[in-house]
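A.B. asks: Sequence:
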Amino acid sequence: MEAKRKIRMCSLCGKCNESHCHVFFQCNYSAETWGNLPSLINWKLPQNWKENTHLGFLVYKHMLSVDRIKPNGYTYPSLFKACGSKLESNSVWVKYGRALHTHVVKYLDPVECDEFVYASLISFYSKCGKFGVCKYLFGRVSRPDLGLWNCMLSACNNGVNDSGMSTDVLCLFSDMQKDLRVKPNEVSFVALINACGFANHGYGREALELFKEMRSEGLAPDDVTMVVVISACSHVGLVDEGCEIFYSMRERYGLNPKVEHYGCLVDLLGRAGRVNEAMEILQTMPMKPNAVLWRSLLGATRNHGNLEIAEIALDHLIELEPETSGNYVLLSNIYAHMSKWEGVKRVRRLMKDHGIDKVPGTSVLELGGVFHEFLTADKTHPQSHEIYLKIDEINRRLHEYGHTARTVEVLFDLEDEDREDALSYHSERLAIAFALVSYEPDSAIRIIKNLRVCVDCHDYTKLVSVIYKREIIVRDRNRFHHFRDGICSCLDYW
1 MEAKRKIRMC SLCGKCNESH CHVFFQCNYS AETWGNLPSL INWKLPQNWK
51 ENTHLGFLVY KHMLSVDRIK PNGYTYPSLF KACGSKLESN SVWVKYGRAL
101 HTHVVKYLDP VECDEFVYAS LISFYSKCGK FGVCKYLFGR VSRPDLGLWN
151 CMLSACNNGV NDSGMSTDVL CLFSDMQKDL RVKPNEVSFV ALINACGFAN
201 HGYGREALEL FKEMRSEGLA PDDVTMVVVI SACSHVGLVD EGCEIFYSMR
251 ERYGLNPKVE HYGCLVDLLG RAGRVNEAME ILQTMPMKPN AVLWRSLLGA
301 TRNHGNLEIA EIALDHLIEL EPETSGNYVL LSNIYAHMSK WEGVKRVRRL
351 MKDHGIDKVP GTSVLELGGV FHEFLTADKT HPQSHEIYLK IDEINRRLHE
401 YGHTARTVEV LFDLEDEDRE DALSYHSERL AIAFALVSYE PDSAIRIIKN
451 LRVCVDCHDY TKLVSVIYKR EIIVRDRNRF HHFRDGICSC LDYW
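Okay, so the sequence shown: first residue is 1 according to UniProt numbering, each after it adds one.
Calculated from the structure, these hints are not laboratory results.
Check before you lean on any hint, since a few could be wrong.
With a cut-off of at most 25 Å between alpha-carbon atoms, the simulated SDA-like pairs for lysine to any residue come out as follows [what the hints assert, rightly or not]:
#1 Lys212 <-> Ser248
#2 Lys352 <-> Glu311
#3 Lys345 <-> Glu323
#4 Lys61 <-> Asn72
#5 Lys358 <-> Gly368
#6 Lys390 <-> Asp378
#7 Lys81 <-> Tyr96
#8 Lys379 <-> Asp353
#9 Lys352 <-> Gly369
#10 Lys61 <-> Lys81
#11 Lys81 <-> Phe57
#12 Lys288 <-> Ile312
#13 Lys258 <-> Ile309
#14 Lys135 <-> Ser85
#15 Lys288 <-> Lys345
#16 Lys81 <-> Val187
#17 Lys462 <-> Thr376
#18 Lys352 <-> Val364
#19 Lys61 <-> Ser85
#20 Lys390 <-> Arg470
The structure displayed is predicted, hence computed values, not measured ones.
Put together the whole structure using the sequences plus the hints.
C.D. replies: So, in structure tokens, the structure goes:
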């Protein structure tokens, strides 16, 4: 109780620095209390203390300087949590977290290093993108409890967008079901739906079935679940079902829709061609729409041809994101698709006036632990000669298949170059050619692209998946595309 009173007294000071730590350092706490103190501090102090020097670390530093004090299993989880919360603002916290890990090995015996410590380690390393380390740590625990299973599911969930770990999630959930000591709960199902990326990977109906199973088990959905389920409806065209789920959130589940839920609703209506309704949602929603929502509406106008709303959406996007070139490019392609060449020129002038340059497209894939990055028309790769020969071969075979390049929709990407030739050397095509040259036969090709895949490259990749009998997975700016047997999981809407 004395430690808690000291913490409360310090919190009233409003700042956290060395001078405020004397109230702790001068106390004759037991070794056990000192070991628990960093955890107590992180739980008791106000949230805004994270902006200051972390008192928990100062106390921990003092602990290590006193011979009689030894850290225990309660010392580290909150410190790892603090490191994880600061990763985006300063990469030095990665080093702090790794140093703490060495201290865990040094100071804790196997009994003290329990599920809470391992969970905090796994959570920290997942935020660092070190999913191999997460798997190793999880494998060290012989009998993980429900909390640790859920922690590992969440770690894999973080890895889905970064590393395409959907299969890992399914395998992990399957192993969890085999463990008779634990039963999946709400957190488990939410992680499964979200981590598997059913909606993003084109398995919207499977996501809905899992949602129904979750409800039949008496598990209440949370905000994240509703985002995924409405998104799933959007990706498989279940407009009425998606709208019903959205409008039942408050009455049936006691959940107030947030901006993310409105974003899913706008996407749902936009995909279905109900662009005017989507526009009305943006104008009447209780919070201010963000750039993601306006970009979703702009994308819908590309597929359904509503220039008036497209221009309104771009006006809002310029206000919110004046330096994001992709918004201008998308509207320009809408103009080009509709043969509105004056509109294309106007967008180019607008970009020039704002000093906006188009972000170059890059595609990355991995081979033997080495990442290979390609730019459009890139000839810097050591295997460029083989890659360009393979592209010529692919183009010949696509021509035999009757493929004709859709040059109009990518007009913005080109100036005076020959359009069809230039299309042949988009970054993802170079990456695909490299994979066909270098990968084992029949192995899947996985590519990460920084921009949205253009329409012609999308058609191109579908045909390559048929001709070369390859599964090709492309993660572009918007979503995952699984190409197999000439079909894409996005159903040609992205």
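A.B. asks: For every hint, state whether the structure bears it out.
C.D. replies: Hint-by-hint comparison with the structure:
no., hint, verdict
1, Lys212 <-> Ser248, "holds, 15 Å"
2, Lys352 <-> Glu311, "holds, 18 Å"
3, Lys345 <-> Glu323, "holds, 18 Å"
4, Lys61 <-> Asn72, "holds, 14 Å"
5, Lys358 <-> Gly368, "violated, 32 Å"
6, Lys390 <-> Asp378, "holds, 14 Å"
7, Lys81 <-> Tyr96, "holds, 11 Å"
8, Lys379 <-> Asp353, "violated, 32 Å"
9, Lys352 <-> Gly369, "violated, 41 Å"
10, Lys61 <-> Lys81, "holds, 17 Å"
11, Lys81 <-> Phe57, "holds, 12 Å"
12, Lys288 <-> Ile312, "holds, 15 Å"
13, Lys258 <-> Ile309, "holds, 23 Å"
14, Lys135 <-> Ser85, "holds, 21 Å"
15, Lys288 <-> Lys345, "violated, 31 Å"
16, Lys81 <-> Val187, "holds, 19 Å"
17, Lys462 <-> Thr376, "holds, 20 Å"
18, Lys352 <-> Val364, "violated, 29 Å"
19, Lys61 <-> Ser85, "holds, 19 Å"
20, Lys390 <-> Arg470, "holds, 15 Å"
Figure legend: structure checked against the earlier numbered hints; hints not met, in rising order: 5, 8, 9, 15 and 18.
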